[in-house]
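Trainee: Construct the entire structure; sequences and hints are all you get.
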Amino acid sequence: MSTTSHARARRRDRRVYLRSHPVLFGLLAATRGRPVRRLGRTLLVHDADAYREALTRLPLDRTAAGTTGAAARAALRDGGGVLFDQEGGGHRADRRGLAGGLGAAGVEELRARWQPLLVRRLAPLAGGGEVDLVELARELSGAVVCALLDSPADPRAVAEAAAEAAAASVRSHLPGPRRPRAEAAAARAAERLRRILGPGEDALSAMVAVAAVNTTVAALPRAVAWCADAGLWEQAADGGLRPALAEELLRVTAASPLLPRVAAADGSVGGCPVRGGDRLLLVARHAAGAHRRDPDARRPAGPALARLVFGAGPHACPGARLAVVQLADVLAALAPHRPVVTRARVDRGAALPGWRSLTVRAGS
243 MSTTSHARAR RRDRRVYLRS HPVLFGLLAA TRGRPVRRLG RTLLVHDADA YREALTRLPL
303 DRTAAGTTGA AARAALRDGG GVLFDQEGGG HRADRRGLAG GLGAAGVEEL RARWQPLLVR
363 RLAPLAGGGE VDLVELAREL SGAVVCALLD SPADPRAVAE AAAEAAAASV RSHLPGPRRP
423 RAEAAAARAA ERLRRILGPG EDALSAMVAV AAVNTTVAAL PRAVAWCADA GLWEQAADGG
483 LRPALAEELL RVTAASPLLP RVAAADGSVG GCPVRGGDRL LLVARHAAGA HRRDPDARRP
543 AGPALARLVF GAGPHACPGA RLAVVQLADV LAALAPHRPV VTRARVDRGA ALPGWRSLTV
603 RAGS
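243 is the number of the first residue of the sequence shown in my numbering; add one for each residue after it.
Read the hints as simulated data drawn from the structure, not as lab findings.
No residue lacks a Cβ here, since even glycine has one placed at the ideal position from N, Cα and C.
Incorrect hints may appear among the rest.
[Said to hold, decoys possible] Listed next, with one range per pair, are the computed distances between beta-carbon atoms:
#1 Arg355 / Pro301: 33 to 41 Å
#2 Gly605 / Gly282: 45 to 53 Å
#3 Ala249 / Arg540: 15 to 23 Å
Mentor: As structure tokens, then:
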């Protein structure tokens with residue numbers, strides 16, 4: 243591992259932003275010099291403390307236009323809460339419902355589902371073949387969703403439908419004039435996902451599928467590509483270092499690099515006054531130091547900083563443990579092959595920055 247290796251890894255990962263979200267990435271890079279920057283009624287929040295303050299102390303309108311909750315509710319259209327748009331008792335109840343499947347015991351049960359899949363899908367590496375890690379991530383995430391929801395659906399069909407539902411929802415909530423056809427397309431994509439999951443699956447089930455699939459497909463291939471480009475396979479092969487390496491790689495790749503929120507009342511963030519209705523762009527990747535601190539399991543940033551990519555406070559992502567364990571298992575399965583990236587193609591239409599395909603083969 244060297245500074246040059248990390249620079250190569252960072253250059254490749256930057257392509258994901260420059261080719262899929264160039265204007266947004268340029269804006270975030272240009273404004274990160276200040277902890278909080280106001281542009282009209284929009285605040286860009288880059289600093290770790292200000293980011294925590296916005297998520298834990300400032301009242302937020304979780305159904306306002308342009309937020310994750312609004313996009314989810316519009317796409318799923320059944321009037322019920324979908325976790326991202328909830329507050330209070332409903333939010334806590336749904337989080338408790340997910341806790342069993344995403345807690346320590348639940349994750350161990352899920353590992354029994356994905357570990358045989360890893361053996362089967364990575365077998366070509368031993369014979370000099372290649373593996374597309376995006377395809378692997380899709381099947382893996384679909385299998386996890388089906389297990390969590392006890393759905394008999396085909397995991398790959400679930401993953402495909404969840405990716406389209408997320409992408410359509412994002413297109414329907416882009417800034418600018420209203421796009422009624424885009425909103426209708428998002429609703430159709432969400433309904434297709436619910437049909438694939440099976441009878442009786444509600445909006446919350448569809449939202450779990452969308453979140454699990456899209457974050458996994460965005461994060462896992464980018465993390466492995468960074469590990470390969472930076473020469474971190476020695477750390478990946480070390481069982482004592484591997485969990486910390488997984489957290490570090492998730493920190494620098496930041497599957498959900500930006501959290502759009504809207505203030506529900508007056509307050510302040512990072513010393514900057516906030517008015518009710520102000521739009522907040524919470525830059526998770528900057529809050530977690532992804533832009534300035536390279537991943538290193540021997541000198542990790544620590545959980546308090548690394549976990550900021552999963553949010554903070556009562557609305558932190560309940561799948562954080564699952565993401566870390568899952569990536570650690572993927573790294574363990576790949577480490578004996580010391581894979582290198584042979585081809586990489588950015589997904590310009592995905593809801594989250596990621597690769598459309600990322601092919602690896604065993605290293606020499």
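Trainee: Now, for every hint given, state plainly whether the structure supports it.
Mentor: Hints and how they fare:
no.	hint	verdict
1	Arg355 / Pro301: 33 to 41 Å	holds (39 Å)
2	Gly605 / Gly282: 45 to 53 Å	holds (49 Å)
3	Ala249 / Arg540: 15 to 23 Å	holds (19 Å)
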